[in-house]
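S.K.: These protein sequence lines map, in sequence, to chains E, Z, S and D.
Position 164 of the first sequence, counted from 1, bears residue number 218 in the numbering used here, the numbering being contiguous throughout.
Position 310 of the second sequence, counted from 1, bears residue number 364 in the numbering used here, the numbering being contiguous throughout.
Position 454 of the third sequence, counted from 1, bears residue number 508 in the numbering used here, the numbering being contiguous throughout.
Position 41 of the fourth sequence, counted from 1, bears residue number 95 in the numbering used here, the numbering being contiguous throughout.
Each hint should be verified, as a subset may be incorrect.
Claimed, not checked - Between beta-carbon pairs, the in silico distance windows are: (1) Thr198/E to Gly318/D: 27 to 35 Å; (2) Ile180/Z to Gly237/E: 57 to 65 Å; (3) Gly470/E to Ala264/Z: 27 to 35 Å.
Since the hints were made in silico from the structure, they are not lab data.
In this text, a Cβ means the ideal position worked out from N, Cα and C, and glycines have one as well.
Protein chains: 4
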Amino acid sequence: MKLWGGRFSGKMNPAAWELNASLGFDQRLAQQDVRGSLAWAQALGQACVLTLAESEQISLGLQTILIEFQGERFEFQESDEDIHTAVERRLGELIGPVAGKLHTGRSRNDQVATDLRLWLLEHLPILDAALADLQAALIERAETDFDLPMPGYTHLQRAQAILLSHWWLSHFWPLQRDRQRLGQARQRTASLPLGCGALAGTPFPVDRAALAESLGFAAPAPNSLDAVSERDFVAETLFCTALIGVHLSKLAEAMVLFSSAEFGFIELSDAYATGSSLMPQKKNPDVFELARGKSGALIGWLTGMLVTLKGLPSTYDKDLQEDKTPLFNAFDTLNALLPVLAGALHSLKVRPERMRAAIDSTMMATDLADYLVDKGLPFRQAHALAGKAVQYALEQGKALEALSLQEYRALSEGFGPVAIDDEVYGVFDPAYSIARRAATGGTAPQAVKEQIQQAKEVV
Amino acid sequence: MKLWGGRFSGKMNPAAWELNASLGFDQRLAQQDVRGSLAWAQALGQACVLTLAESEQISLGLQTILIEFQGERFEFQESDEDIHTAVERRLGELIGPVAGKLHTGRSRNDQVATDLRLWLLEHLPILDAALADLQAALIERAETDFDLPMPGYTHLQRAQAILLSHWWLSHFWPLQRDRQRLGQARQRTASLPLGCGALAGTPFPVDRAALAESLGFAAPAPNSLDAVSERDFVAETLFCTALIGVHLSKLAEAMVLFSSAEFGFIELSDAYATGSSLMPQKKNPDVFELARGKSGALIGWLTGMLVTLKGLPSTYDKDLQEDKTPLFNAFDTLNALLPVLAGALHSLKVRPERMRAAIDSTMMATDLADYLVDKGLPFRQAHALAGKAVQYALEQGKALEALSLQEYRALSEGFGPVAIDDEVYGVFDPAYSIARRAATGGTAPQAVKEQIQQAKEVV
Amino acid sequence: MKLWGGRFSGKMNPAAWELNASLGFDQRLAQQDVRGSLAWAQALGQACVLTLAESEQISLGLQTILIEFQGERFEFQESDEDIHTAVERRLGELIGPVAGKLHTGRSRNDQVATDLRLWLLEHLPILDAALADLQAALIERAETDFDLPMPGYTHLQRAQAILLSHWWLSHFWPLQRDRQRLGQARQRTASLPLGCGALAGTPFPVDRAALAESLGFAAPAPNSLDAVSERDFVAETLFCTALIGVHLSKLAEAMVLFSSAEFGFIELSDAYATGSSLMPQKKNPDVFELARGKSGALIGWLTGMLVTLKGLPSTYDKDLQEDKTPLFNAFDTLNALLPVLAGALHSLKVRPERMRAAIDSTMMATDLADYLVDKGLPFRQAHALAGKAVQYALEQGKALEALSLQEYRALSEGFGPVAIDDEVYGVFDPAYSIARRAATGGTAPQAVKEQIQQAKEVV
Amino acid sequence: MKLWGGRFSGKMNPAAWELNASLGFDQRLAQQDVRGSLAWAQALGQACVLTLAESEQISLGLQTILIEFQGERFEFQESDEDIHTAVERRLGELIGPVAGKLHTGRSRNDQVATDLRLWLLEHLPILDAALADLQAALIERAETDFDLPMPGYTHLQRAQAILLSHWWLSHFWPLQRDRQRLGQARQRTASLPLGCGALAGTPFPVDRAALAESLGFAAPAPNSLDAVSERDFVAETLFCTALIGVHLSKLAEAMVLFSSAEFGFIELSDAYATGSSLMPQKKNPDVFELARGKSGALIGWLTGMLVTLKGLPSTYDKDLQEDKTPLFNAFDTLNALLPVLAGALHSLKVRPERMRAAIDSTMMATDLADYLVDKGLPFRQAHALAGKAVQYALEQGKALEALSLQEYRALSEGFGPVAIDDEVYGVFDPAYSIARRAATGGTAPQAVKEQIQQAKEVV
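The following block holds chain E by itself, in its conformation from the complex (with noise of 0.2 Å):
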């Protein structure tokens, strides 16, 4: 069954046909559509456009419809264009003639924009679930991992002694972000396009902002053109879903390194990992790889998206159909993908004593500095003479908290006066390092304390 036709007189061709079906992944917005079309039916009897009997007998036979596809129990056939179309075709069997009044001041510009803004506002929901969760799982292991020290590293060198629940959390902002950030995108979705038409505004007098609250929007979106042909809700879901694979990519990344011989730091637990076909040994981070690797993906559906809404002048175009797959695939991607990260996350295995031996006395250098800073040495200077010293340490082989006092101060010598004491080698100390750093946001036990509160409370 397709909609239109009264003034066709050739077929379509079979090719061209099954290119331009959307059946294949608009059936996804099948409950969306009907309830949308409840509403509808529902307006029109208001604006006295059906009578009472027809809105009820045309929303007795949406509701047949509903609990049929929310029992697996719709057939579809394989005329069926898209979802309206099938849609309304059932209801046709269900009700007789009367069905043909329903789309009456509708157009399927006005209906499809907002069928997939109603499963976007009954989707986020779940995806902002999903991120919380596995920000439970950070906030998780901030707290059973709490005052584990680790080297934090820059460039990939060893930097500075941190805590590992100071590490975790730093992965848990960014998801706080992005839930934001949905968030937001989300009050932009709730925009109503039902009772925009085909593009100029329907003819019959609905009660649009009733209509939007009956349905769960904010408002009717502002203008008809507007409406029916914007695809902003979708980029923009987009934008937050490829920058989602961005944060995982790097919690990732991280997860594959410290899982490595190398690194060491963790171990996945063997319900999170794979082997090898070919090597017995093997045990390979795949989930953090796959959550790495399909973060090209999520960027690629946001580019395919920007591009296709490029160039286009206003009102609907029938690119506009190429809106749905990236966007269900984003989802889909998401949702399978972040209950296995937290679930990966919960089950790891830190190793505690590998993440200590890799803190070396060098990563204290900046604490030497400020110890000669509080000596009197400007940072300039105190960071030189810092450098020196680590540099004559590798030179000589030996760790810095195992050059003498006399070393020091033959090195300090021509950085102006500053005395050296037996204080230099309590600097050396992971625990004092980390422990200085209580600003606000810092590593020390403290600030890290008063960071999960605060990670809590925004959850």
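Since the structure of chain E is provided, determine the placement of chains Z, S and D on it from the hints.
M.R.: Then chains Z, S and D, alone, in the frame of chain E:
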């Protein structure tokens, strides 16, 4: 001058130095860098890391530098690796060794992230204002061209009659969403990295909340590892600018179409058009073509930034240096483009007679169907009958309004009882068709009037 | 069944299993997988790793499986992790423990890379043929519409008269370049990974050159680490398909424009157009809009693949599993689209009278300038004088050919000696303008005839 | 100076002028523009459109301009809209009104397309040479480090022992494919647009084949409409550079990993590393991080170009002006990056002892499995038994080679008859494992030697 090197014995390869040096682009952050340092010097003073005298000495030196930048009298040296180094080098020249105390407890990692955020916080309002000006131009056009009818298109086929004012406003709302998004991006940008050190936090008792306030940030970033490495605010801004690019490409595509000989709906002012070096009769809509074309670069910069971020483990990696160029480019592109588009819209000449002539009666076929609905046909049948009439009229080479009542009645046979009368000819008046679409967001004059009002309120 | 797990004590989490399993998409490689295994069994036999009997037994089993796939009678099991596992599981059912010898010296890493290349080597010719069919449709149109004049556009402004055949052929050559690129991509695809093992090469004395030949590859890949991890052939193919998408979007954009009421140059066949659910008079160029819209997805898949590959260290990472879906999607998209476009071009109706009517005499302004050049003016001055004439004619509301000789002479004052005579009126004939452009690649009938000949030779 | 404007009465808005002007970036095409004009003047002379005297006069003037450009003495003026205008303006100053004859039968559309192709034809060899230099550095490393064993990784898990030389070469071949692709892109670039006029071809009897030859092109473009508008050569080059970026990002990722403390396989030369402004002990692999990061921009430029091209109808649109910046940027980026990478590779220090120490005996588990295959087990069972041994060894905290024969025999119970003997301990020698992989493309010394030979032949 470079701020590191204590432990380095070799000299850097010149080509590597050049590749690594960022002064070429980060000097644009000069004033932000100085202002960040001023706040930092003050914070170090308040934390008693610097004496009052030191803090004041440094502040005075920095203010001198700020004035040098503002007066474009600052002299860079070839050995300046980046803007931070250049400022610190100059500070040393101005105030001597105490300059070396400024970098205490700070790293270029938190410093550059702060500089870039400061820059963006200052420049987002400029973008916002330019968008608001374009919106104002659209409102002005909507008021000037208020009641001019034109054909509305879907699939670039003439669909229904609309008001040109309604069409102009369909480009207003996307920009409104853009501004809303940019405003929300700005809030997330206002999270202060300063005081996060290289990665682990600052070891000095700096009051980061006060520091944030003094620099106009909303709050200190809650996690130092995240703060020095996250570039979400860049990616999010680039998404906003990419989507603005898409919106401008839509407007541009329509302007290019409308200024073609075939449409002929508008004529560009000579002030905003160009000619051909070979074809003297041409008047080319270059500014709109450039707007459309530049959406490519804007999308490309977003893509590029996401790619750069993908797969980096947490905390600072040098890859992040690639954040500045796309951000500056995106800003500059829109900042150059938006005023020109506003000017072009303001100055173009509308040709109402061409728009009116493009409205043919088949565009009122929906109104004919609606009329038949009024006469009792279900919409689906009404739609089919109207379609049949269109096809018949096409075959007869007649306009719909030229068909006789007899012909209409003959066509209606087999469609159930429907009493077509003289009133049918009323539906072919575009004004009638337009006036009927009076629900919120529709094209009826009254609805558009309300829409203009709403637009003026939110802009 | 999974091919690993000897050292694993725990069971895999079901959601992680699902995420990890690739059977959903890699079963499309079923036949390629079997054929690769057949060749491998033979190679192992020739290398005396398998006895003749074993090799034959395995081959027989694999051939049975191949027939099962071809007859769509192969039964997958839920526990099949991927296509390789499924095939090996089935082989074991068919021939018993000797099946376990097939994987000797091979890994899924070299196996899947081989499968995907085999698949592509088989499917690139299909794409090539579909492109050639579209090219044939363009040549057919060029011959059918050989001498129809139409306006040529730059900046979507009428520029110069051209032949429609010339215009059709302007879409032929991009496809020719596409096919050339695909052919070269195919050559690079024909580099055999099989025999590279997991990463380090196979420890058995397999003759990889013979293996390559038996599978239709050009040569064995020269480096095992590279061979198991490079997906350049996927990225390159996706670039080719993205650029094809761009080419189709250009053709599509023009077809959408030309089938608008304003241009009216073509009318689509009913077999390749659709209608509106609300507006019965509409005839929408959906197939072209979809072609244009799908260029987004095609570009997105390329982007996504490049992102996935970015930053992976050498040799196999699980991220690479993300290579298949975009490749399959890109192939399917074009494979569905290209025949429809060819059909749409073949069946559309050209409206010569509309095209002719769109050629106005200002389009011959360049010819006027050239005439003035003949009369001795330098081109720059001739161009300026022609421009002056166009402006004068516009102001007078006259066509260029309606200006009197006197008016021309008056206009030419101040331009140096130029003897404008009656012959000037000859330049306003589109046929004259077209015929003059007879240099290679020009729009003159003779040049187009040669171009058609050239096109037929290369296609 | 602008080359158009005869029909324009108003003056261009300054901001619009600035937006439209391309001199800022197209002046890079200065020499190409002059050389194209020289060839055109000659062609016009041969076609008797110019007299011999005129042609010579113009050529002399152009040669003067060329020398001015080469000596960087050419003075641009604010009113120069683009490079073509600047050259023609200067030519007029030098030789008077006859300069106005140069543009006869030519348009900026075919001119700029020719200029850009000429530029690319000249610059692709520079890129090719830089790639070849990096390849040479890889070969040099492969020879220097020929027989150093290292762990090979998959999934970043230690997998099998390989030769470092083999690993270096795994980065050679991708660059070889890149150069091949660039070479093929170059052939497609060598299609001459000049003589296609604005869109329809040139009306003068210019011999385009001779013109192509004189400018070093392979042939004249076969269709004028296509020739002035296609930017496939830009898109294709940008794809090549994006994929090069991906290849460099792989190498860079590995170098970053290998220079971490955890891997410690290499140490960068001070000449190619940087330090930290805060942490004196750091030695950062910035050049590799920048290489990795810049792959983002390279991919972004490709995406951007494809977006710009998407949906443009055929022939010249101003959007195409956006082709130059990404092409120049991509070239400059790689041209700066490649020599630095070659230098960094050349100068880095390998730490063989660290690589050797990272090879543990579980990496020979495949060899153990192969040994069991030799002893008669089907590979699948051998793999399972080896896996069991690995797990057992892990549980016992022993290395595989430390298990007793008795233990091995106990483990093999239930696996069918397999006579494990003393020879089993031979398989745990990395050199043995490496030497076994002697098939083409494998990591055995002999195979790598042949690979180096092959690499030297193709480079």
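S.K.: Please go over all the hints and tell whether each is borne out by the structure.
M.R.: Going through the hints against the structure:
{"no.": "1", "hint": "Thr198/E to Gly318/D: 27 to 35 Å", "verdict": "holds, 30 Å"}
{"no.": "2", "hint": "Ile180/Z to Gly237/E: 57 to 65 Å", "verdict": "violated, 27 Å"}
{"no.": "3", "hint": "Gly470/E to Ala264/Z: 27 to 35 Å", "verdict": "holds, 32 Å"}
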